[in-house]
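Undergrad: Hey, can you work out the whole structure from these sequences and the hints?
The listed protein sequences derive, respectively, from chains B and D. Our numbering puts the first sequence at residues 16 to 503. Our numbering puts the second sequence at residues 509 to 823.
Keep in mind that a hint or two might mislead.
[Said to hold, decoys possible] Only pairs whose alpha carbons sit at most 16 Å apart, straight line, appear in this in silico EDC-like list of lysine to aspartate or glutamate: (1) B/K195 with B/E211; (2) B/K195 with B/D225; (3) B/K275 with B/E303; (4) B/K187 with B/E215; (5) D/K692 with B/E379; (6) B/K348 with D/E705; (7) D/K819 with D/E770; (8) B/K38 with B/E233; (9) B/K348 with D/E648; (10) B/K227 with B/E67; (11) B/K324 with B/E390; (12) B/K347 with D/E704; (13) B/K195 with B/D168; (14) B/K197 with B/D218; (15) D/K692 with B/D367; (16) B/K347 with D/E705; (17) B/K257 with B/E442; (18) B/K195 with B/E40.
The set of hints was computed from the structure by calculation and includes no laboratory data.
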Amino acid sequence: MQHIRKTFPGVVALDNVSFELRKGEVHVLLGENGAGKSTLMKILSGAYQKSEGEILIDGQEVDIRSPRDAQGLGISIIYQELNLVPHLSAAANIFLGREPLRYGSLLDRKTMNREARQILGGLGIDVDVRRAVSDLSIAQQQMVEVAKAISLDSKILIMDEPTSALTEREIKELFSRIRKLKAAGVSIIYISHRMEELFEIGDRVTVLRDGKNVGSHELSEITTPDLIRLMVNRELTNQFPKIRASQGGEVLKVEDLNRKGILHNISFSLHRGEVLGIAGLLGSGRTELARALFGADNIDSGKIYFKGKLQPARSPRSAINSGIGFLTEDRKKQGLVLALSVRENVCLPSVDKFSKYGIVNAAEENNAAAKYIKELRIKTPSLNQKVTYLSGGNQQKVVLSKWLCCQADVLIFDEPTRGIDVGSKAEIYELMNQLTASGVGVIMISSELPELLGMSDRILVMHQGRISGEFTSEEATQEKILHSALGG
Amino acid sequence: MKTRYLLQVYGRQFGTLFGLIALSIVLWILTPHFMTVSNLLNVAQQTAIVAIIAAGMTFVIITAGIDLSVGSVLAFSGVVMATLLLGGLPLGLALLSGVGTGLFCGLINGLLISVGRLPPFIATLGMMSVARGAALVFTEGRPVSGFSDSFRQIAVGEVLRIPAPVVIMLAVYLIAHFVLTRTKLGRYTYAIGGNEEAAILSGVNVRLYRTLVYGLCGGLSGLAAIILTARLNSAQPIAGIMYELDAIAAVVIGGTSLIGGEGTVFGTLIGALIMGVLRNGLTLLGVSSFVQQIVIGSVIIVAVLFDMAWKTNRK
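TA: Printed below as a string of structure tokens:
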């Protein structure tokens, strides 16, 4: 790809970016959110059109105008949010759009299943190809996508944050499959924010910053601090700038919370100024606990006291009114209304504050939104920009602003830094420090143990809907947490 | 900055407006009678009824819903009001009963959808049949007619030489625009259609506001029923058949997405006017009503094709 330029209304997303991929290599694409990685890959895979520049494959200039063109050229992309039809079987998904036929019109299910089994078998994956993909685990679904790419004879495979939803073991398996593909001559572009992974799987790395290519390097010749410096153009001295706030009174207390089959006998308390980390594997009930506290899901029994008072009503509205905020794990699906502006999103939960007799005072809203854009350094051309045009890190800051604007006393962060670059991560951690310093109690659910260990004052571990361990930050170690999370 | 913002938000509406102007110029050239004050007022008057319904439909469609019952609700509201009026109810109360009947039907739609969790298509399809049947039962299938002159003023009266229905229509659109852009109800309408889950988790009482939106659409159908009854000097239990499709077409031509989360009422007004102008122009040109249907259907399709091209282009 040479001299690629892409502009959106009001923004230059890519500015004269050149990028070279060799045969059979794993090339890591690195950069903060909004640096232009996704845009560049969407151009290569045909989802976006470039404004300027050229793309060459094996020295030949090619014209990619649609995802179909890209597929025809052997380019496949596996998005972070997987693109499968949930109710169709694994085999049907692999062959979607080019199903083998009998008599020119009837589906040849046998051939389809057989070939699907072959491809998946070749990857060393054991799944029933006739099962609907919605019944498969995320890791298995991802493998179905990989199988689909292979069946398309892809020469170039783009993987966008493939490990963000995988467990350690699944990641190991994914990597061994990536190595197989590499050996077969497939070139892989690998986007990830997890530094430790890059060195394990990558051959070369290209760093993007503010829509420009700031350098390509052999991964064997570069170190993590170098990469971070390239990405953010400043030294990050401490990954987790934890400042311990003085703890105040109990702000939240949970007694014997139960939800059938999901949460069992959960009791704990949270103090003002405290960061309470919650660890646990996927499916351990962490997010469900957060949703129950927030009133988004029903509970069967148990009591929730907020500032010493029993919470009677159970709805997000009542939780918000009493001062609880919830930063959801999936900001696009649950956190933001993408078609609304930054201002409207920031003020959505607190619109009552800005309205009288149901009429919204636009000037007050503007002031509030402007304040948070400034304080949180949200990069947006205006208050009225639709959030869909913002980068992931900036979207996350908009979600955070929503709850700051409500002046919540308890904030629940569910995977606050997932899919966010190191620069924005540090900013989010610093905000947590400011919040605890002002007496807010923070609950932080995270799959990243270093983050939990680095930022929490106390860590609860969940296993199968129960609290299976509790550690102070002094006594907690990765091993102890993992042991509890596995039910030990 | 300001103009760019306006263009970003209303650019699509400028496109529709341009279409309306271009259409008018063509008709002006083809038939001199088109561009006369009396004819244009006539078009506006004929458009008013569907346009008022379409304003409510815009809210419903922005929440990613649909209301198929508006035509039947109009008929039912009309006969209820007419019967009460002839039965001696004071004019003001009778008018309220018309709007109230529509509001009531709309709220039932809303409750079925938000509390009963029925898909909007099904709930309002059912209401379409129920309200029509209710109108027929209520009147035993006969029209209700013979009103006082004061009631008829709603259709034939004028304010500053502008026909009353047009004045009512403009008032409805100004208020609807204000509600959609400046009030909590409007904000939540967009939020529910844009991302229901995020709206719930932001504390929006989605059930309540969705119900209100369908109530609003029903209430506006009731208002449209009053005007239609006054104009025809008769409330017909079979009035308003196919109005739902005209209203939906006006909304869609006006650039509101059926997926929800986006749209403006002024777009809808222009959409309704395009359909009105087209009907009027074709009639003036002597095109048969059979051919008119073909032309209008094609315009709807072409308008939406343009709309999609416009939206893809911005990506």
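Undergrad: Hint by hint, say whether it matches the structure.
TA: Hint check results:
1. B/K195 with B/E211: Status violated; Cα separation ~20 Å.
2. B/K195 with B/D225: Violated, because 34 Å separates the two Cα atoms, which is more than 16 Å.
3. B/K275 with B/E303: holds (12 Å)
4. B/K187 with B/E215: Cα-Cα ~10 Å, so holds.
5. D/K692 with B/E379: Status holds; Cα separation ~14 Å.
6. B/K348 with D/E705: holds (7 Å)
7. D/K819 with D/E770: At roughly 12 Å apart (the allowed maximum being 16 Å), D/E770 and D/K819 satisfy the hint.
8. B/K38 with B/E233: Distance of about 15 Å is within 16 Å: holds.
9. B/K348 with D/E648: violated (51 Å)
10. B/K227 with B/E67: Given pair B/K227, B/E67 holds - Cα atoms ~14 Å apart, limit 16 Å.
11. B/K324 with B/E390: violated (32 Å)
12. B/K347 with D/E704: holds (12 Å)
13. B/K195 with B/D168: holds (14 Å)
14. B/K197 with B/D218: holds (11 Å)
15. D/K692 with B/D367: Within the cut-off at roughly 8 Å; holds.
16. B/K347 with D/E705: It holds: about 10 Å lies between the C-alpha atoms, which stays within 16 Å.
17. B/K257 with B/E442: The given pair, whose Cα atoms are some 12 Å apart, holds under the 16 Å limit.
18. B/K195 with B/E40: Holds - the C-alpha atoms of B/E40 and B/K195 are around 11 Å apart, at most 16 Å.
Hint compliance for this structure: hints 1, 2, 9, 11 are broken, all remaining hints hold.
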